[in-house]
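If you want the building blocks of each chain, they are given just below.
There are 2 protein chains.
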Amino acid sequence: MKNKKYIRKKAKVYTAESLIEGIKSGNFTALSKAITLCESKKPSDRDMASTIVSACMQIENNSIRIGITGVPGVGKSSFIESFGLHLIQAEGKKVAVLAIDPSSERTKGSILGDKTRMNKLSIHPNAFIRPSPTSGSLGGVAHASRESILLCEAAGFDVVIVETVGVGQSETEVRQMTDFFLLLMLAGAGDELQGIKRGIMEMADGLLINKADGDNLKAAQLAMREYRNALHLFPKAKSGWTTQVGLCSALENTNMDVAWNMISAYEKHSKSNGYFLTNRKDQLDSWFQKSIEEILHQKLFENEKIKADYHFFSNKVISGSLSPYDAAKQLLDGFL
Amino acid sequence: MKNKKYIRKKAKVYTAESLIEGIKSGNFTALSKAITLCESKKPSDRDMASTIVSACMQIENNSIRIGITGVPGVGKSSFIESFGLHLIQAEGKKVAVLAIDPSSERTKGSILGDKTRMNKLSIHPNAFIRPSPTSGSLGGVAHASRESILLCEAAGFDVVIVETVGVGQSETEVRQMTDFFLLLMLAGAGDELQGIKRGIMEMADGLLINKADGDNLKAAQLAMREYRNALHLFPKAKSGWTTQVGLCSALENTNMDVAWNMISAYEKHSKSNGYFLTNRKDQLDSWFQKSIEEILHQKLFENEKIKADYHFFSNKVISGSLSPYDAAKQLLDGFL
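Chains as they are written, first to last, in the numbering used here: chain A, 865 to 1200; chain Y, 865 to 1200.
This is chain A alone, in the form it adopts within the complex:
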């Protein structure tokens, strides 16, 4: 052992230009590395990420972005495994899967979960699976996901799936970065505890009842009819599209074509009436507004005077000697 030489590999140095070239040529390592920059909070990383994203935005593509949500236990990962393989094998697509999870505690589980549950998809050369960032605010995580979508598209992925991992918080964010929002549900009792609120159903462009197999098939068919009736009561979506309801079984790998036909029909519908493009522009504009708020917030708390004064005013507020609004006004007098 004495004479054994330890050879330390020299860390490869990436530049924005080399990563852009790598992404354009479909290199997975370059794509991963660039996404890591998007997820970073380091200013130099963020600047580099921004350069890459701006370059990637110029690369034409014809992608569709699909948001997928549903409560834990509905079988999201198995569905994405089945659906992703269908898209690759039957439709000739390249599929990227991103997860978004604002709760860092749950994330550790989901990384392991994604890797083990999507075991066929994750090793397919036409698929790219990226677990959710391990930390950060929902705003930060969503920002990184928006950038990651653009990078995946520049790398040639024509279907980008964004999966909500946490419960309740991230649906609106995912809806705002995708073209089509798919809600997975289960048939049977206890639906009121499944986290399905009217607001989320209203967001959905498609609703699939998963685990429609074996003994569960009849209940799933009944649920499908019920949801179809229920959806009639909902106000019409801005897209002019009527939410579709279908059945599938990720376990038995059935009706994956139903899912894809639903999404293709939506794409055709929304491209022909102009909503597809309008929606993408609205999403860019709202991302712009969110970026403004984020940068403002960040600059504020980098300011030395704010850092020094913050606790002084916070204590005054908590002790009841100053109203929160007055305290905020006085704190900001030192900044603006």
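Mixed in with the good hints, there may be bad ones.
[What the hints assert, rightly or not] Here are the simulated BS3-like cross-link-like pairs (lysine-lysine), alpha carbons at most 30 angstroms apart as the crow flies:
#	chain 1	residue 1	chain 2	residue 2
1	Y	1163	A	1193
2	A	906	Y	888
3	Y	1180	A	897
Keep in mind the hints are simulated off the structure, nothing from the lab.
Following the hints, position chain Y against chain A.
What follows is chain Y alone, placed relative to chain A:
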């Protein structure tokens, strides 16, 4: 008709001091006028509101703040009418009711609705009912409601009820400005469409199944047992309190004491373990943070250069020639 004299009443001039004195003496007109200032967007009104709020915060009181939510049709207004009258008549309380509704479209209906549905409570001298502000962002509306709560308390109201009027958006805000969060529910089929998501159930300190009367009583009893079982699966609340489930009928005016006993038990529990006060302090601190963000945002869009540049950058983003993050950074370079 020719000789008829039109007498124009001279508009009464209010000062912050006169309104503070009026509120302290329990004058409803002064209270209403001050709440209107809290809801205003005019800087001079906001300053005056701030002075009044800071003064009112100093007035000791022993109030409890109750948030009430539930989907349309659950009977929120009838419940508040019944419950409010019970508190006044059986418990000797003074009751203020505030509504919070971020969707201005629905508000017109709710103002009319509040007045007609709470017809006994609204004319009782120990009750004060304030419809929700007619416009503004959720943030602005919530800010006004937080201030209004403090004003009502200074005016001697010992129970302040904050009712969510809109669906899905305002629950979290109302939870963050109250001590006890009550979820009204209905028994029977279709619960999954009632807007009850796990997240909202998790927020609730108490759950009341309304319309537990007549033919509906059995279903309500069954639902009560089911919810009690279901709540066992939920993680323990930070307060250490176990969510209570009960039945009531606003129509038949039954079990209003059950509702009050639930809330009183919570108050006793959370005051004895210190959570009551900790929670109020946390709420003040989070209100402080929100005020900072609001003022920053407001100052930004008052800035002439930002106003002039905003559309230039927004157009670059929408046309895809600049990433949202880069655009936001460049826009803010002119401000900070």
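Query - Hint numbers not upheld by this structure, sorted from lowest to highest - result: Structure breaks hint 2 only.
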